[in-house]
Each structure stands twice: as structure tokens, then as C-alpha cells.
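There are 4 protein chains.
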Amino acid sequence: MLVVMDSHATPEQVDEVVRAIRAMNLAAHPMPGATRTAIGITGNVGAVDPRTLEVLPGVLELIRVTKPFKLASREMHEADTVVRTPQTVIGPGTFTLIAGPCSVENEDMILRTAEYLMGRGVRLLRAGAFKPRTSPYSFQGMGLEGLKILEKARKKTGIGIVTELMDTDNAGAVEDAADVIQIGTRNMQNFSLLKRVAKARKPVLLKRGMAATLEEWLMAAEYVMAGGNYQVILCERGVRTFNDHSRNTLDLSVIPPAKKLSHLPILVDPSHGTGKRDYVPPMALAALAAGADGLLLEVHPDPEHAQSDGAQSLSFPGFEKLLEGLRGLAGPLQKQIQ
Amino acid sequence: MLVVMDSHATPEQVDEVVRAIRAMNLAAHPMPGATRTAIGITGNVGAVDPRTLEVLPGVLELIRVTKPFKLASREMHEADTVVRTPQTVIGPGTFTLIAGPCSVENEDMILRTAEYLMGRGVRLLRAGAFKPRTSPYSFQGMGLEGLKILEKARKKTGIGIVTELMDTDNAGAVEDAADVIQIGTRNMQNFSLLKRVAKARKPVLLKRGMAATLEEWLMAAEYVMAGGNYQVILCERGVRTFNDHSRNTLDLSVIPPAKKLSHLPILVDPSHGTGKRDYVPPMALAALAAGADGLLLEVHPDPEHAQSDGAQSLSFPGFEKLLEGLRGLAGPLQKQIQ
Amino acid sequence: MLVVMDSHATPEQVDEVVRAIRAMNLAAHPMPGATRTAIGITGNVGAVDPRTLEVLPGVLELIRVTKPFKLASREMHEADTVVRTPQTVIGPGTFTLIAGPCSVENEDMILRTAEYLMGRGVRLLRAGAFKPRTSPYSFQGMGLEGLKILEKARKKTGIGIVTELMDTDNAGAVEDAADVIQIGTRNMQNFSLLKRVAKARKPVLLKRGMAATLEEWLMAAEYVMAGGNYQVILCERGVRTFNDHSRNTLDLSVIPPAKKLSHLPILVDPSHGTGKRDYVPPMALAALAAGADGLLLEVHPDPEHAQSDGAQSLSFPGFEKLLEGLRGLAGPLQKQIQ
Amino acid sequence: MLVVMDSHATPEQVDEVVRAIRAMNLAAHPMPGATRTAIGITGNVGAVDPRTLEVLPGVLELIRVTKPFKLASREMHEADTVVRTPQTVIGPGTFTLIAGPCSVENEDMILRTAEYLMGRGVRLLRAGAFKPRTSPYSFQGMGLEGLKILEKARKKTGIGIVTELMDTDNAGAVEDAADVIQIGTRNMQNFSLLKRVAKARKPVLLKRGMAATLEEWLMAAEYVMAGGNYQVILCERGVRTFNDHSRNTLDLSVIPPAKKLSHLPILVDPSHGTGKRDYVPPMALAALAAGADGLLLEVHPDPEHAQSDGAQSLSFPGFEKLLEGLRGLAGPLQKQIQ
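Keeping their order, the protein sequence lines are chains G, W, V and Z.
Reading the first sequence from the start, the letters are residues 22 to 359 in the working numbering.
Reading the second sequence from the start, the letters are residues 22 to 359 in the working numbering.
Reading the third sequence from the start, the letters are residues 22 to 359 in the working numbering.
Reading the fourth sequence from the start, the letters are residues 22 to 359 in the working numbering.
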């Protein structure tokens with residue numbers, strides 16, 4: 022950490038800051054400069070709230086140097102994390118597709134989708150039984166009944182289940198039904214929920230919050246890991262910016278920095294990211310090229326009559342065409358589509 | 022709602038859209054124009070997912086006209102809502118101060134603060150027993166013990182309690198302890214939590230999400246109201262933008278549109294909004310001038326040693342000076358500070 | 022400046038960075054810490070491009086400490102700048118109104134407006150002869166003829182003229198006609214234009230760019246000041262964020278940090294900031310309360326028939342009512358409306 | 022266009038709006054609905070300023086339907102535009118690389134770079150003679166002398182020149198020296214400059230403004246095209262968001278909507294977009310996969326000693342490796358790298 026003094030700060034004020042730093046059992050390194058003094062701080066900085074120094078007289082600002090995440094950071098753990106489910110793996114060398122409808126609508130459409138996907142080599146089905154909806158008047162999902170349909174689909178087809186958990190009340194049921202527990206964008210900083218899935222024995226797919234910085238996202242992952250669950254998958258799904266050309270701004274540019282700072286696998290959800298079916302395939306290909314470890318895709322047997330998000334869902338033929346495109350790029354990029 | 026057709030759309034495509042609209046039991050009003058046709062839709066539009074029309078051939082885009090919130094809207098309820106606690110009211114003609122430390126640190130500091138505030142005419146104390154913190158390694162609040170301290174402070178001083186609820190597990194305890202239940206910015210779209218406080222018998226202070234549009238914010242209020250709790254207070258606390266001059270961008274400009282679209286009272290939290298003690302007083306005065314109904318302020322007996330957010334907390338003398346400034350403006354603005 | 026080394030950086034890599042710093046004639050202060058080494062840099066840092074250090078092996082990141090603006094900074098010049106025109110002053114203790122139509126439409130409406138404003142004590146008229154319009158098919162302003170009308174208005178009424186300069190070609194004509202030369206938001210980083218007005222003998226009103234940080238804005242002011250023109254007025258007019266409740270997001274929260282970092286006066290333009298007439302008065306009052314030095318306001322004798330921006334222009338009675346509101350607050354805030 | 026009336030609007034207010042629409046020689050289509058009336062407008066809407074209707078009593082809001090760009094729109098011109106220079110083409114089926122240093126530093130480095138690039142099949146050199154710099158104290162480019170060096174490089178090696186024009190004063194010189202005239206991000210809405218290059222006989226590369234919506238960007242292209250120059254290339258270079266993981270947020274998600282709305286070719290500049298050399302290759306590959314027509318890349322013979330932007334420049338070996346990666350993907354994507 023670095024304390025930057027005002028250019029008019031007196032030597033006494035500098036001394037006082039040095040004393041305050043030492044009172045925290047940290048080392049202070051004053052550096053007098055041409056126009057001002059800066060004071061470096063070393064020691065176990067994580068334990069103190071730096072902002073208390075900021076209010077001392079003569080202090081201009083406080084600059085944090087150390088990143089606050091540990092378990093999620095590549096500095097602590099150099100090798101890429103591999104996330105395992107009974108059906109597949111997510112991590113280096115592979116490009117994993119998780120596909121399916123926005124929500125569980127009935128047994129028939131889930132079974133049809135699961136069979137279709139397994140036939141194309143896709144090993145993970147996504148579908149929501151609990152749906153976070155902006156409006157209280159919109160369809161809120163089938164709930165526990167939806168979970169049962171998903172379990173039936175796994176039993177019948179062998180496909181793995183990725184489904185969202187919205188609250189601690191349903192944590193046990195979702196943990197039982199899911200192979201991967203999804204935490205949605207609106208819950209990325211629902212810390213009570215993060216602490217709960219930290220105790221789960223299933224991997225966690227952590228969607229990026231709509232306005233989360235990379236650091237905040239990794240800190241949310243840190244919550245899960247600090248509680249003992251190291252199987253965390255990041256998922257970029259579009260952020261909130263001034264742009265109005267798409268539903269959200271799909272931020273593929275976060276992939277290289279995420280890979281640099283963290284060892285966790287990162288997926289991309291171009292369906293929510295763009296909100297428009299036509300824009301999904303180019304963004305899916307771009308995600309692969311940018312270094313993502315896989316995709317979360319909305320695929321629906323009959324998008325025109327979907328109960329939610331039909332406009333961003335691919336039909337089966339649309340998915341098939343995208344799959345072909347992904348296969349064309351996977352070879353040169355040394356990734357195995359699965 | 023309005024369906025805008027592509028300029029190359031055929032008459033058959035227009036007909037098909039008209040048929041699809043009628044199949045939803047809505048009325049279609051085609052308007053052929055110079056370069057394209059648009060089709061107006063009237064009827065009970067709220068019940069359909071407009072985006073299914075968007076995928077029909079020849080459709081360029083779909084424009085929603087009706088606002089999706091009802092109970093929260095001024096069109097449905099013209100008069101300003103007045104929120105009542107046993108200690109005070111929040112609403113037209115008043116400017117209500119809610120002040121106190123970021124978190125409950127111990128009994129002594131809460132009692133000192135409560136007594137101090139009551140002595141200055143402030144009737145509501147804010148302090149967190151459960152703290153949402155970006156890092157799992159930061160102080161997470163005193164929990165249930167903190168709630169007990171708050172209840173003791175009310176008993177001793179008569180001050181009302183505003184405190185945050187983070188999860189349904191602690192809903193009963195917070196509902197018992199609080200006079201106003203606070204929903205934090207990170208939980209604005211925690212729909213399970215919103216549904217829970219919709220059943221509470223205490224008013225809800227709903228902080229704006231860090232990247233929430235006004236419409237999304239009012240839809241979150243709608244969740245609470247649709248569940249039966251009409252005592253909702255909005256609270257602007259800064260949004261996430263490209264700005265780096267403050268911790269967040271305090272969006273005072275949302276106040277006039279919020280007042281136009283909704284009848285709910287709106288408070289401003291300049292402490293979180295700016296993140297810097299020095300910036301709090303000018304923003305607090307500006308909030309009053311912009312038409313807010315009150316403030317949520319961090320005030321601490323000893324900010325230099327606060328366990329969290331010390332840098333943005335006012336000291337008692339700092340609060341006193343601000344109070345004086347607010348009183349100077351309240352008269353000309355026909356507001357009663359309380 | 023501070024160089025932060027990777028936690029895996031070798032002692033040799035640290036040495037190399039130290040050598041590179043010294044080769045730039047700067048002093049290096051290595052601070053070995055628990056997990057990594059940071060290296061402070063002191064000396065005349067402004068002259069080097071810090072990012073060249075960033076590419077050295079073992080460097081994690083580079084943190085700039087010194088602000089890059091000098092002449093615009095309060096550290097260099099503590100007293101508030103007072104900007105003077107023949108008609109009035111802008112600076113501490115005063116709250117200066119600059120009002121008028123978006124564009125010069127004809128002589129009659131300019132004269133009517135000028136006379137009206139002078140009758141209410143407003144000493145500066147704003148009106149564009151050259152108009153930056155998003156569409157090439159929109160009215161682009163009356164040009165040189167518009168400037169003549171403005172000069173006539175000054176001659177007849179004594180009012181001062183604030184008008185926009187869009188390019189160096191018309192710099193001489195605008196400099197002659199104007200008492201204050203306005204640089205629009207889209208030209209805030211038109212450095213050729215900034216260098217030209219740096220040579221002008223008239224004050225410059227510098228609107229904030231739509232996505233400009235405070236630092237970039239002050240650096241734009243620095244361009245003008247570095248060229249010899251110290252009479253610079255900042256003007257906040259709304260920035261681009263995810264918000265859709267107003268035309269732009271009027272960022273009143275920039276006022277306290279701007280006042281802290283710089284000695285230049287700052288005005289607020291609530292007309293462009295909100296884009297809606299109804300939202301102008303509350304934001305105007307809030308700007309006064311937040312510490313602004315004045316307002317730039319769109320006022321039109323007949324807003325319903327304005328050639329541009331009618332929807333955000335106040336009528337004369339609307340302006341009159343606002344003026345009354347401002348006068349009510351000016352006393353307690355120790356500002357003189359003018 | 023659509024006028025949405027307030028739910029409390031009276032029939033007289035609706036009539037008044039209808040009359041106002043007809044007075045503009047447009048057709049009005051009132052649609053009475055369950056809670057409110059909406060009024061469709063058809064006719065030559067482009068000619069009127071819709072916002073004047075917004076201020077009529079009883080009007081809630083005004084919704085624009087027609088896009089304001091014409092010449093730049095795919096609706097008017099279905100086939101993809103091909104931009105031609107003497108050395109190459111930019112458009113469908115090709116993926117064109119424009120590479121070179123941020124700024125012209127001296128003759129030797131430009132010649133070395135030009136020869137190197139021609140040897141790898143790159144036909145266009147980018148390098149700035151005039152440099153827009155945030156600080157007036159930074160290197161501002163070699164100016165006219167720089168242009169001469171670029172012309173010499175073309176003469177010697179046959180490479181085409183892409184270089185930035187910052188103001189109308191140097192328009193003639195840049196037009197003579199360049200094969201493609203670059204308009205920088207800060208000048209995207211410098212309308213005087215756009216009108217000038219609309220008269221140029223060379224193609225224009227139009228960088229997206231840092232906070233420009235797709236519509237504003239296409240309207241800037243419309244300025245150039247409306248003036249008679251149809252050879253416009255769009256270039257995405259990162260936008261301003263809350264993200265801090267990169268220098269800007271490279272918005273690859275704008276490519277599919279840009280391709281849908283417009284026929285103009287679109288390039289991507291991952292060097293400015295990310296600001297970090299390490300992040301350039303994955304973003305370059307992703308741009309190709311997302312459907313871009315080429316790249317603008319910073320390549321420098323000695324990035325560690327570049328006078329500007331060294332940290333984001335690729336070295337020759339770095340460029341070579343990227344080229345190989347691009348070639349691997351171009352085949353499956355049916356693009357010809359050039």
C-alpha cells in the first residue's frame with residue numbers, strides 16, 4: 022500500500038502517518054519526492070482497513086497495491102483449475118458446451134432437448150427451475166417440480182445438470198439435483214448464498230455481476246473457495262454499459278485479464294450477453310478464439326413458443342450450424358469441443 | 022407496444038404479425054409508412070412476452086410502450102406515499118435524517134450515537150449487524166448480538182432502528198429488531214429476499230442496485246408491493262460508471278424522474294455515494310435541493326477508529342455542521358428537517 | 022510512481038527495474054514486502070512515459086501517483102480563479118447565470134431574450150451560431166450571420182455573449198463576437214482547437230466530454246492554460262452512463278472533487294444534463310447547493326417552436342420561477358446570484 | 022414515431038397532439054388502449070424535431086422508430102461496401118491488417134517497419150505524424166516532417182499509408198500523404214473535420230468515439246457520406262465503461278449489430294482497446310472470429326523504447342506469432358488474410 026501526502030503536508034504530518042502505520046504493526050517507507058512525499062507500507066496489509074489512514078491530516082490519497090484475492094489468484098496457484106462433473110471436465114485443452122432452454126417448461130421439452138444434445142456430444146444441460154425475473158408478474162419457474170424433471174432427464178439420458186440456485190432455502194434441493202450449481206448475475210454478491218454453496222459438494226458456476234469489476238468477481242469466487250469449495254467456474258454474461266446495440270455488453274475482453282489473474286476456468290454466455298439469436302454465433306466463435314473454456318448457450322426445441330428468452334434461444338438447426346463453426350476453429354486453437 | 026417492420030418486409034409478413042398479435046387476444050393497428058410499416062398493439066399487453074414477436078420474419082424491432090410497474094407507479098397512485106414508523110414519518114413536507122455508524126461495533130458506541138442523535142432531533146439510527154463485505158476476510162458484522170444492541174438502544178433512547186437484512190434465514194430476527202428493514206444495493210434483485218420482506222410488517226428501505234435503471238429499481242419495489250407491503254422507501258446510493266473521482270457516482274439526477282414515475286419517497290445516501298467524508302456535506306445539501314425526502318448518513322463517534330467505512334463517516338461535530346447547513350436550506354424549500 | 026513486482030519476480034528482475042529507473046535520472050526506492058517487492062520512484066516523473074517500465078520482466082503493474090495537471094491544479098495555485106468579462110465575474114461568492122436559446126434563430130428572438138434577461142439581472146447570454154448536431158440533416162446553425170446578431174444584441178442591451186467555437190477556421194470570428202468562447206462536449210479533446218483558444222484573449226468555457234474523467238477534463242483545461250490563457254471555466258453537462266431516465270447523467274458529484282483538485286470555477290448545464298424541462302429546476306437548485314459557481318441554462322421565448330432543444334428549454338415564466346427558487350437558497354449558501 | 026399519452030390525458034389533449042402532427046404535414050394514427058392512448062406518426066418524419074411534441078400537455082413520452090442514418094444503412098444499400106486503396110481492398114472475404122507504430126519517430130524505424138510488414142504480406146502501414154495526446158506536455162508527433170517520412174516509406178516499399186488527421190488546417194497535407202485518412206476516437210463527432218474529409222478523395226477510417234453508441238457512430242459516418250465520400254471504414258477501439266481490467270473495454274459485441282445495420286466494413290484495434298500487449302493476440306483472434314473485416318495493430322521494431330504506447334505494441338516476433346494464429350483461423354472462417 023502507498024500513502025500519498027499532499028504537496029503542502031508538513032514533516033509533522035508525515036511523521037504522524039508513519040507512526041499510525043507502525044501502530045498497525047506494519048513497516049513504513051517514507052520517500053520524499055520533488056513535490057510531495059509518498060510512504061510505502063509493507064507487512065500483512067490485508068488485515069487493516071487502509072481507509073483509516075486516508076483521513077489523517079496531510080494525506081492526499083491511499084493507493085492499494087496488493088490484490089485482495091488469494092485462493093482465486095494465479096500467483097497462489099499457478100496451474101489452471103480443472104472442474105470435474107461425473108459427465109465431463111471443464112478446463113485447459115477443452116471447450117465445454119452447456120446448452121438448453123432458459124427454463125424448465127415441461128418434461129417433454131427437457132427430455133427432447135437432453136436427448137438431442139447428448140446425440141451431438143454435449144454432456145451438460147442448462148435449464149432453470151427457479152427463475153430470477155425482473156417483474157413479479159412474469160413466470161417464476163416450475164420450482165421443485167422443475168428439479169424433478171431435470172433429475173429424470175439425467176437418469177434417462179446421462180446428461181449432467183446445470184441449474185440455478187436463488188436462495189439458501191432451496192440449497193439442499195438444488196445441490197441434490199444439480200451437477201453444477203449456477204449462481205446468477207444478480208446474486209454474484211449475495212454473500213449469504215455464496216457462503217452456502219461454499220459448503221456444497223458440487224461445482225459452482227459463478228456468473229459475473231452486471232456491474233462487477235474483475236476484482237469483485239474474483240472476490241466472489243474467493244468467498245466460495247474460502248468456505249472450502251475450490252471447484253468454481255467463472256461465467257461472463259454481459260455487463261451494463263451505455264451501449265444499446267445489444268441487451269447487455271458481452272465483455273470478451275475480460276477473458277485475457279481473468280486468465281492472467283486467476284487459474285479458474287471461464288465460460289461465456291452469448292445468449293444473455295447479446296439478447297438476440299442472430300448475434301449469438303459470431304460471439305460464440307469469438308469467445309472460443311479469445312481463450313474461453315466453453316459456452317453457456319440457450320437452445321430451445323421451439324424458440325418461438327418459449328416461456329422466456331425465446332428471442333435469444335437457438336433452435337436445434339441453429340445450434341447445429343454453430344457447432345459446425347466451433348469445430349472448424351477448435352483444431353487450430355488446440356481445443357477439444359465437448 | 023409497437024412492432025416495427027423491416028423496410029423490405031412483404032405484405033404477407035405484415036399479415037402474419039397481425040395474426041400473431043390477434044392470437045394473443047390483443048388488437049393490432051397496422052400503420053403503413055413511407056419506408057416501412059409499424060404495427061401498434063393495444064390490449065392487456067402485460068401478460069405476453071413481447072420478444073416472441075421479435076423473431077417473426079420481417080420484424081425489425083419491438084418497442085415497449087407501457088411501463089411494467091403498476092403499484093409503484095404514480096399513474097396508479099397519484100398521491101405521495103407516506104411511510105410511518107413509531108418514531109417518525111417519511112414523505113412529503115419532511116426531510117428525514119437516518120444517521121449512524123456503518124456497523125454495530127459494540128454497545129457503548131451505539132448508545133453514545135443514539136443519545137447524541139436523539140439530542141439533535143434525529144429519530145432513526147442506522148447501523149448494520151449483518152454486513153455485506155466484498156472480501157470474505159473483512160469484518161462481517163456482529164450478527165444477532167448486534168441486533169440485540171440495537172434493540173437495547175431503542176429501549177433506552179426511543180430511537181428507531183434501520184438495519185440491513187441479507188438473507189431469509191435472519192428475516193425474522195431483523196424484522197423483530199428493526200423499525201425499517203434495509204435491503205442493500207447488492208440484494209436489490211435478490212428476488213427471494215424481496216418476496217420475504219413483502220410479507221414483513223415493517224417498512225422496507227430499498228437501496229438502488231449499483232447498475233440498476235430506474236425501471237429495474239421500481240420493479241424491485243413492485244416485488245415488495247405485489248407481496249402486500251406498500252411501505253417502501255427508495256434510497257439512491259451511487260451507481261457504477263466510468264467515473265473515478267468518487268467511490269461511486271451519486272446519481273442525484275434520478276430524483277426528479279423517480280418522483281415523476283413513482284409516488285414512493287426517495288432518500289439519498291451520500292456517504293456510500295461519494296466514499297469520502299469531505300464530499301458528503303455538499304452532496305447532502307444538493308440532495309435536499311433536488312427534492313429528496315431525506316438522507317442516510319454515516320456518522321461515527323470516532324471515525325478514525327471505525328471498523329468499517331471510517332473514511333466516509335462524519336464525526337459528531339461534522340454532522341452538527343451539516344445539520345446547520347441543511348436547516349438553512351429547508352425553510353426556503355418548505356421542508357421540515359427531522 | 023510505484024512499480025509493483027510480481028510475487029514470483031527474481032532479485033535480478035528487481036535490480037533490472039531499479040537500473041531502468043536510474044537510467045531515466047530518477048531515484049528508485051525498493052520496498053521488499055511479505056509477498057512481493059514494490060519500487061517507489063521519485064524525481065521529475067512527468068517527463069517519462071511510465072508504461073515503458075511496465076513491459077520489463079517481473080513487473081506486475083505500474084501505479085501513477087502524481088497527477089499530470091499542473092496549472093489547473095489547486096496544489097500549484099491555491100486561491101480560486103476569478104474569470105472576468107466586461108459584464109460580470111465568475112468565481113467565489115457569486116453564482117452566475119448564463120441563459121438563452123440553444124441556437125440563434127433570428128434577430129428578433131435574440132433581442133427579446135437579451136432584453137428579458139438583462140431585465141432580470143442576467144449579464145451573459147448563451148446562444149449557438151455554430152451548432153454541433155448528431156445528424157448532418159439537422160439545422161447546423163446560422164453561422165457568421167448568427168454571430169452578427171449576437172454582436173448586435175450586445176450593442177443594444179449590454180449583455181455579454183457566450184457562444185460555441187467548433188473549428189479553428191472560425192476562431193477569429195467567434196473570438197471577436199464572444200465574451201466567453203464555449204468549447205462543446207464533443208470537442209473537449211479536440212486538441213488543435215484547445216491550442217487555438219489558448220491563444221485567444223477571451224475566457225474559455227470548457228464543457229466536460231461525455232465520457233471524460235475529471236483528470237482528462239482538467240488535462241484539457243491544462244492545454245488551454247499551458248498555451249497562455251488562464252481564464253478557463255469548467256462546465257459539467259451530463260455524462261454517458263447506463264442510465265436511461267434522462268438524456269445524460271448530470272454528474273453533480275464531480276463538483277466537490279473538482280473543487281478539491283482545481284482552482285477553476287465550475288458551472289453546471291442542467292438543460293443538456295437532463296434533456297427535460299421539468300427536471301431542470303430541481304437540478305439547478307441542487308447544483309447551487311453542491312457548490313457550483315453558476316449555471317448554463319436554455320431559456321427560449323417560445324420553446325414549443327424552438328429550432329432545436331425546445332423540450333429542454335425553459336420558457337420565460339419557467340425561468341422566472343427558477344430564479345426565485347435560486348434566490349431563496351443563495352442567501353443561506355452565501356452566494357450572490359447574478 | 023410514436024407519441025405515448027399519459028393515462029390521465031384528456032380526449033382534448035389527444036386531439037391537440039393529432040392536430041400538431043398534421044400541422045407538420047404528417048399522418049396521425051391514434052390507438053386508444055386499455056390504460057392510455059398512443060398515436061402513431063407516419064410520413065417524412067426525418068424532417069421534424071420530434072421533441073417539440075414531447076412538451077404538449079398530456080404527452081408522456083415520444084418514441085422514435087426510424088433510424089436516422091440513410092446512406093450508411095444496410096436498408097438503403099444491401100451489399101457490403103468494398104473500400105479500395107491502390108495497395109489492397111477492405112471488405113467481404115478479406116481480413117485486412119493495418120500495422121505499424123503508434124507514432125512516426127524517425128525515418129529509420131518507419132522504413133524498417135514498412136519493409137518488415139511488406140515482407141509478411143501486410144499492405145497498409147499505420148503511424149501517426151499528428152498525435153492527439155491527453156497531456157499538453159507529451160510528445161505531440163513529428164507533424165509535416167512525419168508525413169514526409171511516411172511518403173518516403175511508400176515510395177521505397179510500396180506500402181499504403183494510414184495516418185491520422187486532427188484538424189482542417191492539415192487536411193490537405195494529410196490527404197496528399199495518406200492512402201487512408203484516419204479520424205481518431207476523440208474527433209468522431211468533430212463535425213467540421215468530418216465535413217472536410219467528406220470532400221477528400223481518399224477513404225476515411227472512422228474510429229468509434231469512446232462513449233459513442235452504434236447509432237451515433239453510424240451518424241458520424243453519415244456526415245462523411247452525405248458530403249460525397251462513400252469510402253468509409255469503421256474501427257472499434259474500445260469504449261469507456263466501469264471496467265478497469267484493461268485500458269478501455271474493447272467492444273467486439275458491436276460487430277454483429279454493426280453488420281446488421283450497416284454495409285460499411287469494420288476493423289478492430291485491439292492495441293488501444295486493451296492497452297496491454299499480452300491481451301492483443303487473443304482479442305485479435307476473437308475479432309476475426311466475430312466477423313470483423315480486419316485489424317489495426319500497433320507493431321514496433323523496439324517496443325521497450327517506443328516514444329508512445331510501447332506497452333501495447335507488439336514486437337516483430339510477437340506480430341509474427343499472431344499472424345500465424347490468424348492464418349490458422351482464416352481458412353475455416355473463409356477469410357483471406359492480407
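What the hints contain is simulated information worked out from the structure, not anything from laboratory work.
Some hints here could point you the wrong way.
[What the hints assert, rightly or not] If you want the footprint, here are the derived chain W segments under chain Z, 3+ residues with CB under 8 Å:
1. 22 to 29
2. 49 to 56
3. 259 to 266
4. 324 to 338
No experiment lies behind these values; they were computed from the predicted model shown.
Every residue gets a Cβ at the ideal spot worked out from N, C-alpha and C, and that includes glycine.
Item checked: Earlier hints that do not hold, by number -> 4
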